[in-house]
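Chains as they are written, first to last, in our numbering: chain C, 1 to 315; chain R, 316 to 630.
In short, the hints are calculated from the structure, not lab data.
Be aware that a few hints might be false.
[Stated by the list, open to error] Below, computed lysine-lysine pairings styled on DSS-like, alpha-carbon distance capped at 25 angstroms:
id, chain 1, residue 1, chain 2, residue 2
1, C, K291, C, K279
2, R, K503, C, K291
3, C, K188, R, K606
4, R, K451, R, K429
5, C, K180, R, K330
6, R, K410, R, K330
7, C, K279, C, K116
8, C, K279, C, K2
9, C, K15, C, K95
10, R, K317, R, K594
11, R, K451, R, K317
12, C, K291, R, K606
13, C, K136, C, K114
14, R, K495, C, K15
Number of protein chains: 2
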Amino acid sequence: MKILVMGSVALDSVKAPTGSVRDTVGGSAFYFAHGARPFASTAVVSIVGKDFPQSEFQDMDALGIDRTGLAVGEGDTFRWEGRYLQDMNVRETIKTELNVLEEFVPFVPEHLRKAKIVFLANMEPETQLAVLDQMKRPWLTACDTMNLWIEHHRDRLLELLGRVDLFFLNDEEARMLTGKNSLVAAGKAVRELGPQWVVLKRGEHGSMLFGGGNPFVLSAFPTTSVQDPTGAGDSFAGGCLGYLAWRGSDSEESLRASLAVGGVVASFTVEEFGANRLKGLTLEEIAGRAKAFAEMTSFAVDWYSLQEGIGKGSS
Amino acid sequence: MKILVMGSVALDSVKAPTGSVRDTVGGSAFYFAHGARPFASTAVVSIVGKDFPQSEFQDMDALGIDRTGLAVGEGDTFRWEGRYLQDMNVRETIKTELNVLEEFVPFVPEHLRKAKIVFLANMEPETQLAVLDQMKRPWLTACDTMNLWIEHHRDRLLELLGRVDLFFLNDEEARMLTGKNSLVAAGKAVRELGPQWVVLKRGEHGSMLFGGGNPFVLSAFPTTSVQDPTGAGDSFAGGCLGYLAWRGSDSEESLRASLAVGGVVASFTVEEFGANRLKGLTLEEIAGRAKAFAEMTSFAVDWYSLQEGIGKGSS
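Here chain C stands alone, though its shape is the one from the complex (with noise of 0.2 angstroms):
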């Protein structure tokens, strides 16, 4: 199955107490990618500059992404500086530069409208629906937003959440989105607004699924070295369709593994500054994480014996 991102390709500048990297190639279209390739063939839908380094699109080549609907433009890259505090979890922008994104009006090319999966990462709502404009009868659509577009693009969010099966977002974005507090009742509530299934993404705390019999939820997979956590989110996105991709199945037990799995990918995106880990995974690797992850959650509580009382008061 054909997997179909479009969303931005930047070139990131981070700072983190674990260290700090310049002009390293990332965006939400780059690292989704990257996330998704192990699994299924990955084409990107973007724009860079020319000042874009001629290595990337060589190493794009050689691991399979289809870069065919990757324009670019006059002008400079995108791009984006930020740092994390000591507690990861917050990270501050210093600075965005849109530069070839500002007129940026996404083309699918005629090979790719047939790709049967499309992820519509973080953009202004307007021009993710105009991608979907352009597919033709995708067998599964899922995007991301932010919190730009909850507050000053409600309407063309909402419209777009009324097209789209799966919706990533994160659990402040769920909170601002519907006014609860409650991630669960968030979760749900977000569903009310059109996606089938709701992925509330946690950072190192995991992550949830909304949409079927109960919530699904997850820890995330504990790593001990987070050195740069940029691209988690995206990769764990591109992790989760690449599955479901390589499943050819959006049953509820596949989107529970998908999360599991895109959660594993997202383990190694931490672990090294920018995209370089992602670029040398192997499914081998996903799989061997995968297992231990398994294990790692599991526990089987005698409920049954809770529950008829048996047992109580034995010394």
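Position chain R relative to chain C; hints supplied.
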């Protein structure tokens, strides 16, 4: 198996975005005992003042909580006043009046010294050690602590940690105690201080267990209605040790399950102000939620097909 808990019994005044309450009975030992008592015979060692409500004694008696170790001192009961911010994970202490707790010297009545399980709730390490010295070969010992003792009574705390099997602490305390930012690294480092098992409490983000093979990571039970987080951590520990008493087992499997049961008990705690919800809590209710919790956290990644590359490129 009998469980003995030493800790505070308090009159709490709590303000939260969801409401407020004055002089409701709480305290670490009180919450712990109410979390443990559905599973096993539980006894409290603590002190209250002359102002402690008679009706609370009667309630404890009705629930079978042994209060022969609950002294009634001259003066007033320990009082704690605090409030929760909009983000209910953030708590501010407004006022603490130690009152009778100031001169508290714990005395364990003779018939309780053979209790098989001992929980030393957060209290000056000196006081915790004084209880341990009175016990006769307990089967399982556990303790909690707080930032104050980590900073100012580190030596005595380390002495205590060398004598307990199970150590409950929150993420902030683990980082402070070990100087490690990563929770996984911190959890492992805490184990090296003595306890065979370390339980990291992470509030609404769940809990982690260190001491077996892989770390065990668990989300919090997703409750929709958090009214008052006070007592969540202590009733969590009560549920954990209660379940271990019920099972009569300290295997890794039982410990993992005990965290899930503790999480379920804590989820009931936070759904009402004070300990009200815990007073009426039945094993059947706990079992029902534990069963749902197992379902809500289970997933099955087809890691084998990933590892073998089976399915890649199917469309």
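Those earlier numbered hints the structure runs against, lowest number first
Hint check: nothing fails, all pass.
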